[in-house]
Amino acid sequence: MANHLIKNGYISALDIGSGKICCLIAKVSDDNMTIIGMGCSQAQGIKNGVIVNLPQAVGSIQDAIIEAETKAKKRIDSVIVNISSPQLESVYVSAEIKLPDTRVIIPSDVRKVIDAALAKIDLKEKEIIHQIPISYSLDGQNDIADEPTGLSGKVLGVTLHLITVPLPQIRNLSIALEQCHVWMAGKVATPYASALSVLTQNEKEVGTTLIDIGSGVASLAIFSEGFIRYAAVLPLGGNLITKDISYVLKTPLKDAERVKTLYGCAFTSPADEKNTVTLPLIGEEEEGTTTTISRKVLISIMVARLEQIFNFLYTYLLSQEKNDCATKRIVLCGGVSQTDGIRDKAMNLLDAQVRCGKPVYIKGLPDTLPMTATSTAIGLLLYAMNHRIQKEDKKIKQQSNKQPNLLKKVLKWMKQSF
811 MANHLIKNGY ISALDIGSGK ICCLIAKVSD DNMTIIGMGC SQAQGIKNGV
861 IVNLPQAVGS IQDAIIEAET KAKKRIDSVI VNISSPQLES VYVSAEIKLP
911 DTRVIIPSDV RKVIDAALAK IDLKEKEIIH QIPISYSLDG QNDIADEPTG
961 LSGKVLGVTL HLITVPLPQI RNLSIALEQC HVWMAGKVAT PYASALSVLT
1011 QNEKEVGTTL IDIGSGVASL AIFSEGFIRY AAVLPLGGNL ITKDISYVLK
1061 TPLKDAERVK TLYGCAFTSP ADEKNTVTLP LIGEEEEGTT TTISRKVLIS
1111 IMVARLEQIF NFLYTYLLSQ EKNDCATKRI VLCGGVSQTD GIRDKAMNLL
1161 DAQVRCGKPV YIKGLPDTLP MTATSTAIGL LLYAMNHRIQ KEDKKIKQQS
1211 NKQPNLLKKV LKWMKQSF
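Count the sequence shown with the numbering used here and you get residues 811 to 1228, in order.
For the record, the hints were derived by calculation from the structure and aren't laboratory data.
Possibly wrong hints are sitting among the right ones.
Subject to a maximum C-alpha distance of 30 Å in a straight line, what follows is the list of computed DSSO-like cross-link-like pairs (lysine-lysine) [claimed, not checked]:
{"id": "1", "residue 1": "Lys-922", "residue 2": "Lys-964"}
{"id": "2", "residue 1": "Lys-817", "residue 2": "Lys-1168"}
{"id": "3", "residue 1": "Lys-881", "residue 2": "Lys-1173"}
{"id": "4", "residue 1": "Lys-930", "residue 2": "Lys-964"}
{"id": "5", "residue 1": "Lys-817", "residue 2": "Lys-830"}
{"id": "6", "residue 1": "Lys-883", "residue 2": "Lys-1173"}
{"id": "7", "residue 1": "Lys-1106", "residue 2": "Lys-881"}
Working from the sequences, and respecting the hints, build out all of it.
Quick look at the structure:
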């Protein structure tokens, strides 16, 4: 699959969210990328990251792709896409194999032990979208981080972290993309993609949890020692806050979203009682009938839902006891992370060190675009670039492994000839 992520020097990434769809087209030059086209559209037919109405989803995806193609002046026929299903799961599996004799480990041995681990999993209509070797073992020596080719041993083991998603959801996504005349070149779990663009390398090493709270879902990625250790997508997002505002204040959803963005905060203050917000009433927009409330009322509605979200996340993270260190260091991103006071609110309720993160900047991104809108899409581009680097590194290692064999052949020829 990695062969198709970069095609003729270009990467096309498609971030399918519950609130928006974002398409990025990037040109690759050496180890650099430049965005040459970007398109965004309002997501329709998608709920909690899953397609629920095919015609509406196809229309939204097409709008984003066409806009990106127009700006890039280039047609695309494939995309690397994110997977945001709440049914996304992290699974661990281990296996060992005995080698015929004590000898140097070769790539086919590594493939055999990985296959032995995968054979233990009953997928039951699930597809593996990530297969990550967390560690290897050799003759009882555990926690070998790198592939142990070139080492000598009798018993080879591996521990894999698998990220899976229900197969029907992948099929529905494929159908939608086919109707948009593009095919799925690669799939990346949304929390993994967001983490690649927002977390620093040091944060990945020492242990950090990324929480990306978008409009429809919250994506979690727990990293330590450079690897993603856990991934999840939870049906918690900014839309819950918007709906609360709409319901309590009897105002249309679009107006609830607007005041949430303009006047929202994670804490109330005495000054909020004096400031007012004017909103239209549902069904009476054309008549110009409005209601005026204090900003404190608006913020109180938001605070109640934010506290519920963070309390749920705190309980959920406590269940990840093996990642206790990583869950004490949290990076927030996504639209909800832009709420005033959100960092302090998260620190209080999650009992952790918290920072609000932004994705790395890539040349060509519009300056007027909120950085939070592109975290996942940028992560998809970085995923493709990382795969290219890993592929080239592996090719170099394979070439270096072949050199001793070539030297032996030369020496044998010299002995026979002279």
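Structure-based check of each hint:
no., hint, verdict
1, Lys-922 x Lys-964, "holds (14 Å)"
2, Lys-817 x Lys-1168, "holds (27 Å)"
3, Lys-881 x Lys-1173, "holds (15 Å)"
4, Lys-930 x Lys-964, "holds (21 Å)"
5, Lys-817 x Lys-830, "holds (25 Å)"
6, Lys-883 x Lys-1173, "holds (17 Å)"
7, Lys-1106 x Lys-881, "violated (43 Å)"
Comparing the model with each earlier hint shows a violation of hint 7 alone; every other hint is respected.
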